[in-house]
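Peer 1: So the protein sequences, as listed, match chains G and R.
Sequential numbering of the first sequence, starting at 1, is according to the numbering used here.
Sequential numbering of the second sequence, starting at 1, is according to the numbering used here.
These are computed hints drawn from the structure, not numbers from a lab.
Here a beta-carbon is modelled for each residue, glycine too, at the ideal position from N, C-alpha and C.
One thing to keep in mind: the hints can contain errors.
What the hints assert, rightly or not - Here are the simulated lysine-lysine pairs, DSBU-like style, with alpha carbons at most 30 Å apart:
#1 250(R) x 89(G)
#2 110(R) x 134(R)
#3 134(R) x 188(R)
#4 214(R) x 115(R)
#5 89(G) x 110(R)
#6 114(R) x 134(R)
#7 143(G) x 72(R)
#8 143(G) x 110(R)
#9 134(R) x 89(G)
#10 159(R) x 115(R)
#11 64(R) x 188(R)
#12 231(R) x 19(R)
#13 134(R) x 214(R)
#14 64(R) x 134(R)
#15 231(R) x 214(R)
#16 19(R) x 214(R)
#17 250(R) x 225(R)
#18 329(G) x 134(R)
Claimed, not checked - Just a sample of chain G residues kept apart from chain R, beta carbon distances all over 10 Å, derived:
#19 25
#20 119
#21 121
#22 160
What follows is the residue order along each chain.
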Amino acid sequence: MNKLSRRFKAHPLGILLILACLALGGGLSSIMLGSVHIPAEEVLSTLLSGSSGEHGQILMNIRLPRTLVAALVGVNLALSGAILQAVMKNPLADPHIIGISSGAGLFGILIMLLFPAWSQLVTPVAFLGAMGAALLIYVLAWKNGIQPIRIILAGVAVSAFLSAFISALMILYSDRVHSALMWMVGGLSARSWPHVAMLWPYTLLAGTAALFAARHINILQLGDDMAKGLGLRVEVARVLLTALAALLAASAVSVVGLLGFVGLIVPHAARLIIGSDYRFLLPASALLGAAVLMYSDTVARIAFSPVELPVGILMAAMGAPFFLFLLRKQL
Amino acid sequence: MGLTVEHLCISIQGHAILKNVSHRFTEGARTSIIGPNGAGKSTLLRALAGIQPTSSGRVLLNGKDIHGMTRKHLSRSIAILPQGAEAPQATTVEQLVGFGRFPYHSLFGKNDAKKDREVVEWALAIAHVEALRKREVHSLSGGERQRAFLAMVLAQQPKILLLDEPTTYLDIAHQLEVMNIIREVNNKYGITVIMVLHDMNHALQFSDEIVIIKDCGIFASGAPKVIMTEKTIAEVFGVQVDTFVNRTGKMVLSPLRLVDEAGKGR
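Put together the whole structure using the sequences plus the hints.
Peer 2: Given below as structure tokens:
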């Protein structure tokens with residue numbers, strides 16, 4: 001438990017600083033590396049004094065927005081997972097269990113397969129689907145308040161139900177299934193400024209709200225009775241925090257598709273590094289989420305160049321073994 | 001601060017747990033609630049803390065219905081240590097005790113940091129966990145852990161402290177240590193203590209008053225020596241006991257055999 005911080009007696013703020021540097025490094029490498037290599041000096045000069053030439057075009061129109069999308073998605077998914085793990089008191093909690101993925105998945109695929117001409121609607125419609133599924137699970141699980149176990153069970157049921165429609169659509173429209181497959185795995189290719197514009201308000205608003213809620217999340221971790229005894233309105237806190245997690249995850253998933261494992265693995269890794277004080281765990285998860293996604297996307301882009309892997313495949317390939325490692329280590 | 005219940009009824013999923021319970025808990029005293037398993041002791045304690053939904057009746061703090069107060073305000077007067085409180089991974093004792101200051105923080109975390117530190121130090125000292133402050137709660141023994149949680153609820157600076165079986169699962173030395181802390185909290189700082197106890201000898205030794213719960217209601221209440229008769233205990237628990245007076249002049253019980261309601265052995 002909390003091995004790193006204990007071994008090095010590191011101050012949590014020091015760890016956050018290191019994670020911030022890690023994220024910056026991820027951003028820089030994501031901007032520099034790819035089919036065209038852009039040296040660091042050129043990146044800096046372009047960012048500081050505007051674009052010039054072919055490299056400037058690539059940087060401003062392709063690399064930079066894509067890197068920002070990766071960072072924002074990483075932040076949103078990691079924060080969402082970290083919040084849900086505390087609210088649901090379940091180490092397996094991630095944006096899947098509140099229906100975000102199946103809801104966004106079904107609605108996104110519906111547009112892609114039935115109305116491919118309206119593909120620009122995928123993001124907003126998937127967002128609505130994600131929030132709709134989360135709301136449905138909420139309503140189904142509601143019985144004199146919200147019990148984590150009922151949310152989890154309702155989540156499994158709703159996800160299975162929606163997945164049936166996803167499978168049906170993919171089989172009925174198997175000729176158009178390629179784009180849907182990419183969406184199911186989750187990837188960042190061709191993500192650009194409009195997606196950045198869609199994401200950042202959620203990152204800013206919900207992220208700030210999450211940081212303000214950190215002390216409340218700490219109290220919630222003490223168990224319902226203890227938390228109530230300390231003056232926390234547990235039911236209200238749980239509803240608001242779940243809504244916050246839903247917003248964060250829905251915004252991310254509607255932009256990049258059903259990217260798994262970030263919301264599950266990153267908060268666990270952050271917890272291992274910095275402990276479970278949410279005042280530090282939330283910013284650590286956010287920074288680590290951004291870093292992990294930016295590095296992973298860089299690797300996914302260049303590993304099999306010129307073919308580009310969706311980053312979701314890499315996340316699952318790396319995330320699953322890491323999850324087993326955690327399992328052996330502490331759970 | 002006086003705590004009173006009036007005509008309190010509680011049912012959980014259609015099952016009546018408490019029926020028409022009225023009692024005035026003596027201010028500044030140590031009161032123990034005892035009774036058979038499932039009699040509603042914990043439910044009554046939780047209701048006193050305002051964390052148990054009630055069907056009807058009222059819980060009054062200084063004559064004011066606690067359901068009219070905000071949770072935060074209430075938790076500055078009444079602290080409860082429920083059973084099964086858990087600490088998040090890697091939480092140190094000091095952090096845990098700091099959580100007890102939560103009721104004094106504003107929504108955005110504004111607080112009087114100096115006052116918080118002073119109170120946390122005070123609580124650590126009373127519960128004898130000063131030396132453990134940097135230890136992780138998960139690495140502590142059962143007795144140390146219970147004292148750490150006790151320090152946390154003390155950091156709430158309550159006028160009334162509610163404890164649900166504070167000594168369960170502890171060995172005899174740690175039981176005594178916890179009970180001594182509870183007595184000191186009451187004697188020295190005048191905090192009213194109301195606790196659910198399993199061990200009747202503890203109840204006899206450490207309380208000014210005992211409330212016996214049976215069949216969803218209060219069976220008897222009063223000073224230990226007065227109400228804890230062999231007849232009452234046989235009636236409430238179905239156990240015939242021998243009573244002795246120990247060298248400190250306190251009454252102690254020793255169970256002899258199970259008896260039925262008419263007092264016959266079985």
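Peer 1: Now look at each hint and say whether the structure bears it out.
Peer 2: These are the hints, each one checked on the structure:
1. 250(R) x 89(G): Given pair residue 250(R), residue 89(G) is violated - Cα atoms ~45 Å apart, limit 30 Å.
2. 110(R) x 134(R): Between residue 110(R) and residue 134(R) the Cα gap is close to 25 Å, so the pair holds against 30 Å.
3. 134(R) x 188(R): 27 Å, holds
4. 214(R) x 115(R): 43 Å, violated
5. 89(G) x 110(R): 27 Å, holds
6. 114(R) x 134(R): At roughly 19 Å apart (the allowed maximum being 30 Å), residue 134(R) and residue 114(R) satisfy the hint.
7. 143(G) x 72(R): 24 Å, holds
8. 143(G) x 110(R): Not satisfied, since the Cα-Cα distance of roughly 34 Å exceeds 30 Å.
9. 134(R) x 89(G): 25 Å, holds
10. 159(R) x 115(R): 17 Å, holds
11. 64(R) x 188(R): 27 Å, holds
12. 231(R) x 19(R): Distance of about 24 Å is within 30 Å: holds.
13. 134(R) x 214(R): 43 Å, violated
14. 64(R) x 134(R): Violated: residue 64(R) and residue 134(R) sit about 40 Å apart, past 30 Å.
15. 231(R) x 214(R): 14 Å, holds
16. 19(R) x 214(R): 11 Å, holds
17. 250(R) x 225(R): 9 Å, holds
18. 329(G) x 134(R): Judged against 30 Å, a Cα distance of about 23 Å means the pair holds.
19. 25: About 27 Å separates residue 25(G) from the closest Cβ of chain R, which puts it past 10 Å; holds.
20. 119: 42 Å, holds
21. 121: 38 Å, holds
22. 160: The claim stands: residue 160(G) keeps its Cβ more than 10 Å from every Cβ of chain R (closest is about 28 Å).
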